[in-house]
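**Q** This is what each chain is made of:
Protein chains: 2
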Amino acid sequence: MKHYAAASFKARQSIGYLLKRAHGLLMERAEAAFENHDITFTQWVILLRLRDGLGNTAAELCRGVGHDSGALTRVLDQLEKRRLIERSRSKQDRRVVELSLTRQGHAMLESLIPLTVDKLNEAVGDFSAAEFREFLRLLEKLIATLEAPK
Amino acid sequence: MKHYAAASFKARQSIGYLLKRAHGLLMERAEAAFENHDITFTQWVILLRLRDGLGNTAAELCRGVGHDSGALTRVLDQLEKRRLIERSRSKQDRRVVELSLTRQGHAMLESLIPLTVDKLNEAVGDFSAAEFREFLRLLEKLIATLEAPK
DNA sequence: TGACAATAACTGCCTAGGCAGCTAATTTGC
DNA sequence: GCAAATTAGCTGCCTAGGCAGTTATTGTCA
Numbered sequence: 001m002k003h004y005a006a007a008s009f010k011a012r013q014s015i016g017y018l019l020k021r022a023h024g025l026l027m028e029r030a031e032a033a034f035e036n037h038d039i040t041f042t043q044w045v046i047l048l049r050l051r052d053g054l055g056n057t058a059a060e061l062c063r064g065v066g067h068d069s070g071a072l073t074r075v076l077d078q079l080e081k082r083r084l085i086e087r088s089r090s091k092q093d094r095r096v097v098e099l100s101l102t103r104q105g106h107a108m109l110e111s112l113i114p115l116t117v118d119k120l121n122e123a124v125g126d127f128s129a130a131e132f133r134e135f136l137r138l139l140e141k142l143i144a145t146l147e148a149p150k
Numbered sequence: 001m002k003h004y005a006a007a008s009f010k011a012r013q014s015i016g017y018l019l020k021r022a023h024g025l026l027m028e029r030a031e032a033a034f035e036n037h038d039i040t041f042t043q044w045v046i047l048l049r050l051r052d053g054l055g056n057t058a059a060e061l062c063r064g065v066g067h068d069s070g071a072l073t074r075v076l077d078q079l080e081k082r083r084l085i086e087r088s089r090s091k092q093d094r095r096v097v098e099l100s101l102t103r104q105g106h107a108m109l110e111s112l113i114p115l116t117v118d119k120l121n122e123a124v125g126d127f128s129a130a131e132f133r134e135f136l137r138l139l140e141k142l143i144a145t146l147e148a149p150k
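So the sequences go chain by chain: B and S. Numbered per the working numbering, the first sequence spans residues 1 to 150. Numbered per the working numbering, the second sequence spans residues 1 to 150.
I should point out that these hints are in silico values taken from the structure, not numbers from a laboratory. Hints should not be assumed to be uniformly reliable.
[Claimed, not checked] With a straight-line cut-off of 25 Å between C-alpha atoms, the simulated SDA-like cross-links for lysine to any residue are:
hint	chain 1	residue 1	chain 2	residue 2
1	B	K141	B	H3
2	S	K10	B	H3
3	S	K2	B	T42
4	B	K141	S	M27
5	B	K2	S	E110
6	S	K91	S	L76
7	B	K10	S	L146
8	B	K10	S	G66
9	S	K10	B	D93
10	B	K141	B	G53
Working from the sequences, and respecting the hints, build out all of it.
**A** Below is the structure:
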């Protein structure tokens with residue numbers, strides 16, 4: 001089904017614009033919340049994904065967060081330097097570097113969860129339970145379409 | 001209403017993550033579609049906003065697209081160099097530079113609308129009319145909340 | 001009016017992240 | 001069983017965009 005028509009197309013109704021704006025405003029708040037905490041929001045997200053089992057190698061993580069592997073290497077460098085993660089060469093596949101949270105990394109991650117959850121709740125505070133559920137469903141539906149090959 | 005709780009927080013249900021992913025995938029397609037057309041998607045969006053009256057000065061545009069004024073100056077430089085826009089010092093307020101589309105700028109803009117509309121329709125092709133409407137409504141609701149001062 | 005704040009546009013500078021290329025290790029196909 | 005393709009991680013290089021500072025102009029208010 002075609003929801004947009006070339007003849008009447010306006011910038012403000014584009015989901016591209018709306019997604020960008022919503023994401024941008026949310027990130028602004030997240031980064032502001034993190035700025036006194038000696039860790040970047042980007043870095044923190046990596047810790048979160050490690051904890052949630054969404055990847056324990058660089059390749060898995062960069063597929064997950066949508067960065068390229070070069071960019072991720074540098075984020076991991078910073079996290080390792082701050083002793084928040086550890087890298088160790090895999091014995092099964094020696095190309096792979098296995099990542100794990102250190103005790104400090106775990107502590108850092110946990111300590112900032114309430115802050116993040118708070119910001120998210122602020123953002124969707126006006127949504128009813130039904131609206132929230134529907135919003136997640138539609139976002140996931142959109143993502144599924146965009147992830148499909150063509 | 002609180003939709004997220006610290007104790008059960010998981011990366012994948014975060015609207016931050018979902019918005020980023022959806023926007024990233026969409027931009028990927030948009031930029032790919034533009035890559036043989038001698039204009040950047042970013043540049044094209046500026047042309048679009050000029051046409052739609054969403055700003056005809058640098059300051060208005062950068063508030064609209066969320067860039068800073070330095071970044072926008074450079075985008076405008078590129079557009080001017082390609083003769084797609086013109087700058088002229090305002091007579092009412094001599095700090096202001098008024099922007100306008102040239103004939104070529106208009107043509108460039110128009111010629112690429114179908115491409116963009118196509119990509120957007122692809123993205124939301126699986127949505128019913130009701131789903132699409134609701135998705136826009138919820139996105140706008142979220143943005144309104146995030147734009148509110150605190 | 002005259003100082004001072006605010007605003008528009010612009011300029012360097014810096015950083016994050018994308019891309020291409022590299023090496024090492026592994027998998028695949030003949 | 002070996003050459004070719006693939007994959008993991010990493011490194012330079014480049015660009016886009018954010019930030020801070022500059023200049024010119026306008027608005028404000030004592």
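**Q** Can you name, in rising order, the numbers of the hints this structure does not satisfy?
**A** Of the numbered hints, 2, 9 do not hold.
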